[in-house]
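Given the coordinates of chain A, assemble chain B onto it according to the supplied hints.
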Amino acid sequence: MLFFVIRRVLVSIPLLLLASIVAFILVVNTGDPIEDLRTKPNVPKATIALREHQLGLDKPVVERYVTWLGKAVHGDFGKTIKNKPVWAEVSRSMGVTLRLVLFASIVSILVGVLIGVISAVKQYSWFDHGATTGAFLLYSLPVLAVGSFLKYVLAIRFNRWIGRGDNPLIKTIGESTPNFCTKSKPYNCGFIPSVTDFLSHAFLPMLTLVLISFAGYARFSRAAMLETLNADYVRTARAKGLSERRVIVKHAFRNALTTIATIVSLDFGALIGGAILTETIFEWHGMGRVLVESINKIDPNLLLCWFFVTAVAVIVFNLVADFAYAFLDPRIRLD
Amino acid sequence: MNVSKRSKVAAVVVGLALVAGACSSDKKAVDSTTPGTGATTDSSAPAVTGGEVIFAQEEGGVAYNNLTSTNNSFANTEVLNLLQPGPFYIDDKLDLVLSKDLMDSVELTSTSPQTIVYKINPKAVWSDGVAIDCKDFYLQYMSLNGKVTMPNPDFTGPGATDADGNELSETLPVFDAATTTGFDQMKSVTCSDDNKTVTVVYDTPFADWKGSFGGFVPAHIIEAQTGVADILAVDATVFSPEIEMIGEFWNTGFDGWDPEIALSGSWYKIDSYTVDESIVLVKNDKYWGAPANLDTITLQVITDASAQAAALQNGEIQAMQPQADPGIAATLKAATGINFAPASGLVFEHYDMSAKNPIFADKAVRSAFAACIDRQDIIDKLVAPVNPDAKPLNSVIFMPQQVGYDDRFSKYATFDVAASKKLLEGAGWALGDDGFYAKDGQQLTFKISHKGIQRRSDTVQNSIASCKEAGFNIVEDSDTKFNSDRLGIGDYDVALFAWVGNPLLSSATSVYAVDGGANYQAYVNQTITDTYNAANGELDEAKRLELMKSVDAGILDDVWTIPLFQLPEMPAWSENLTGPAFNGPSGLTWNANVWTLK
Numbered sequence: 001m002l003f004f005v006i007r008r009v010l011v012s013i014p015l016l017l018l019a020s021i022v023a024f025i026l027v028v029n030t031g032d033p034i035e036d037l038r039t040k041p042n043v044p045k046a047t048i049a050l051r052e053h054q055l056g057l058d059k060p061v062v063e064r065y066v067t068w069l070g071k072a073v074h075g076d077f078g079k080t081i082k083n084k085p086v087w088a089e090v091s092r093s094m095g096v097t098l099r100l101v102l103f104a105s106i107v108s109i110l111v112g113v114l115i116g117v118i119s120a121v122k123q124y125s126w127f128d129h130g131a132t133t134g135a136f137l138l139y140s141l142p143v144l145a146v147g148s149f150l151k152y153v154l155a156i157r158f159n160r161w162i163g164r165g166d167n168p169l170i171k172t173i174g175e176s177t178p179n180f181c182t183k184s185k186p187y188n189c190g191f192i193p194s195v196t197d198f199l200s201h202a203f204l205p206m207l208t209l210v211l212i213s214f215a216g217y218a219r220f221s222r223a224a225m226l227e228t229l230n231a232d233y234v235r236t237a238r239a240k241g242l243s244e245r246r247v248i249v250k251h252a253f254r255n256a257l258t259t260i261a262t263i264v265s266l267d268f269g270a271l272i273g274g275a276i277l278t279e280t281i282f283e284w285h286g287m288g289r290v291l292v293e294s295i296n297k298i299d300p301n302l303l304l305c306w307f308f309v310t311a312v313a314v315i316v317f318n319l320v321a322d323f324a325y326a327f328l329d330p331r332i333r334l335d
Numbered sequence: 001m002n003v004s005k006r007s008k009v010a011a012v013v014v015g016l017a018l019v020a021g022a023c024s025s026d027k028k029a030v031d032s033t034t035p036g037t038g039a040t041t042d043s044s045a046p047a048v049t050g051g052e053v054i055f056a057q058e059e060g061g062v063a064y065n066n067l068t069s070t071n072n073s074f075a076n077t078e079v080l081n082l083l084q085p086g087p088f089y090i091d092d093k094l095d096l097v098l099s100k101d102l103m104d105s106v107e108l109t110s111t112s113p114q115t116i117v118y119k120i121n122p123k124a125v126w127s128d129g130v131a132i133d134c135k136d137f138y139l140q141y142m143s144l145n146g147k148v149t150m151p152n153p154d155f156t157g158p159g160a161t162d163a164d165g166n167e168l169s170e171t172l173p174v175f176d177a178a179t180t181t182g183f184d185q186m187k188s189v190t191c192s193d194d195n196k197t198v199t200v201v202y203d204t205p206f207a208d209w210k211g212s213f214g215g216f217v218p219a220h221i222i223e224a225q226t227g228v229a230d231i232l233a234v235d236a237t238v239f240s241p242e243i244e245m246i247g248e249f250w251n252t253g254f255d256g257w258d259p260e261i262a263l264s265g266s267w268y269k270i271d272s273y274t275v276d277e278s279i280v281l282v283k284n285d286k287y288w289g290a291p292a293n294l295d296t297i298t299l300q301v302i303t304d305a306s307a308q309a310a311a312l313q314n315g316e317i318q319a320m321q322p323q324a325d326p327g328i329a330a331t332l333k334a335a336t337g338i339n340f341a342p343a344s345g346l347v348f349e350h351y352d353m354s355a356k357n358p359i360f361a362d363k364a365v366r367s368a369f370a371a372c373i374d375r376q377d378i379i380d381k382l383v384a385p386v387n388p389d390a391k392p393l394n395s396v397i398f399m400p401q402q403v404g405y406d407d408r409f410s411k412y413a414t415f416d417v418a419a420s421k422k423l424l425e426g427a428g429w430a431l432g433d434d435g436f437y438a439k440d441g442q443q444l445t446f447k448i449s450h451k452g453i454q455r456r457s458d459t460v461q462n463s464i465a466s467c468k469e470a471g472f473n474i475v476e477d478s479d480t481k482f483n484s485d486r487l488g489i490g491d492y493d494v495a496l497f498a499w500v501g502n503p504l505l506s507s508a509t510s511v512y513a514v515d516g517g518a519n520y521q522a523y524v525n526q527t528i529t530d531t532y533n534a535a536n537g538e539l540d541e542a543k544r545l546e547l548m549k550s551v552d553a554g555i556l557d558d559v560w561t562i563p564l565f566q567l568p569e570m571p572a573w574s575e576n577l578t579g580p581a582f583n584g585p586s587g588l589t590w591n592a593n594v595w596t597l598k
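If you read the sequences in order, they're chains A and B.
Yeah, the first sequence ends on 335 if you go by our numbering, and it's all consecutive.
Yeah, the second sequence ends on 598 if you go by our numbering, and it's all consecutive.
So here's chain A without its partners, still in its complex pose (with noise of 0.2 Å):
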């Protein structure tokens, strides 16, 4: 195992290194972050100059990356354009988004895994029909509908019908109220006003991303169970007189959890890197708002580092789909 880890930890440096040289590549080509400095009519020539300097535009591009890379294996991602340091953007950004999908992904497991299971188990009856028919439905709507629908039914309508127009118990915006913990309300401060307030917010995007995400694991967990289910080691346990619940959740859903397991980890790997759409419809500022940000703006050291973020986070979650793979499956050795 030991060496499974170094082995594709040593493999990962060169993938690394190789992502960051097609990233930076590709972030020089986006565009001149000072656009707009350089056309508007009054700016002072030396300013541009200044400007050049400070962003390191006046070196050539191989320098450049060198000295970008030099300061990001140390930690140092640099400064965004607008002179923040781009860790601390990322990493606040990467709290938000983890605040958002963590709690989704986890709902969206549990209830895709459930209904694929029970629609395998019962295969082709009326709730395996009604769950394969709401699944494609809404697998196949865009977020931006279902968040725009839950946004009008779920919060404009509703707060309105409960007489709630002007102080809206359901939020469609941010994370919390800016407003609502400041100087002059510290009794809003506390945990339980904060987790309210939070949990307002939270509601519709949560549930948008439960809604498009459940759909996709019922439908893998429903074909695995059933792959698992027609396996002759399923038949000879059912042939030995095991009960069918022994059956199904030891025998059939043990082997079909790899699958499920594998897929789980490479989402959750790819949404490290935002649930941009999300994101932007229900204005969470977390990791897919920094690479629209970053690209609307033309910011490369914040684009890089998103970058480098989740391809890192790819990397890390591909080993942990082989390590649960392994746990999972005993006739697996990683060494």
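Just so you know, the hints here were simulated from the structure itself, not pulled from any lab data.
Being a predicted model, the structure only gives us computed values, none of them experimental.
Take every hint as true, because none was put in to throw you off.
Here are a few chain A residues that face chain B, going by a calculated C-beta distance under 7 Å:
hint: 1; residue: Asp-32
hint: 2; residue: Asn-42
hint: 3; residue: Ala-49
hint: 4; residue: Asp-58
hint: 5; residue: Lys-151
hint: 6; residue: Ala-155
hint: 7; residue: Gly-165
hint: 8; residue: Asp-166
hint: 9; residue: Lys-171
hint: 10; residue: Pro-178
hint: 11; residue: Thr-280
C-beta: ideal position from N, C-alpha, C; glycine also.
Using the frame of chain A, we list chain B on its own:
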């Protein structure tokens, strides 16, 4: 400046040299229906004080010092309208109005040399109780005069170049100044003994002097942070260790909104700041003028316009000014409980013909091109869905709400295919079998280049179609790097991009003057240049206005540039809120001190 939409007014503020942040409680004088917005403040009703309002920003303000090129932005202006003092503010007619709370008086006491005397209200103090005084003026002069430089560490000797082959400068400025306009013409800034009177003497006359000074940062904070005992003792034009320390702090020390550093000299002060999320402002208890009405104004970052609209409908925010979008405009128009007040903004699209292309040497060709563009049709399709009142723009110096604006261009740019053809034929062009004009073997063909955004593509396609009827063979040239790589060097036949209208009329000098830094089209008219320069130095406002009108008329009569339309803005606010009024350069918060909640 060209123009992503939101960089627009940020650039205005740069061009404005500083006034954008300067407001005053005597803004109450403008409480009235604001033309084009439908916004009203009920000045007859007794003021209702108290309450909280959340205003949505598409982009968060990042720095208290909005005068650095790094941080200058419209988002900062929206916050600083309520924090920073200045001698003048811009009203919704784009007039510069004296801030009577801050200034006892501001007078032009001599025209030769031009001398301005600023007398500061003795009661004026920062939110920490320290007086707002001449030091703050002197610091601004020091940071924006553009004269203080330091050696460029990358400069290895004459002929040294950067990665792109551009010659490196031997020195770099100490201050990351977004603009030096006006300040670079000042000879001296001196203080009275009590530091409450500032005397500014100019080397050369600067007619837009009212736009100088404003958006102050507190000098005493810089003294405390850098250890420089007295800023007034530091020569503002010569490099020294003290000025280097001041420059370092001025450039970055005001980043973020630390309430201990980002002091207020206005109605509100900072209560709290959450990076990328919000800034909460509460009443400044040290404000010496008439207090604001609302207890708290929160500026919340909501980057997505549709999310802003939903939040407004849901009662989470009370006011917003997002990017114009027809779909969102339709939603807001149909929504209940919302005031939707579309208006024409300061950013205007225009075609510029390049003098480098000989096909445009003949005015008849330029005029024929202007006549075949259906500006009204373009507006009907692209602008009217948001702002039904939009009209073609007929000036390049004045905005329609400004004194001095007049229709100086319809005579050239009223869509008329027959007139366009007649002009061409009069100049010796002949219509070929292919449907295009030609002369001396050269077909009437050229490209219109732009940055590659949909609105511009739609504009160009409209012109291609309408001008094809008049015998022009026009090709669209969409290039995402057009603005960054080609516009500045005039690499185009016709460019479609945007400039920003500006209350300071001198701001467009570099665009139209011979060899001006932003004269990308290589437009040459020495008479215009001379008149423009004369206007910029004319201190008699009435005479200056006439000179500016003749500059505007002269530029348009040459038909090298074709103003098209102003981009729409779509401010909206809750019906529970009274007071908001559209203000192009300063944003909706410019008069938030008079907002009230029902």
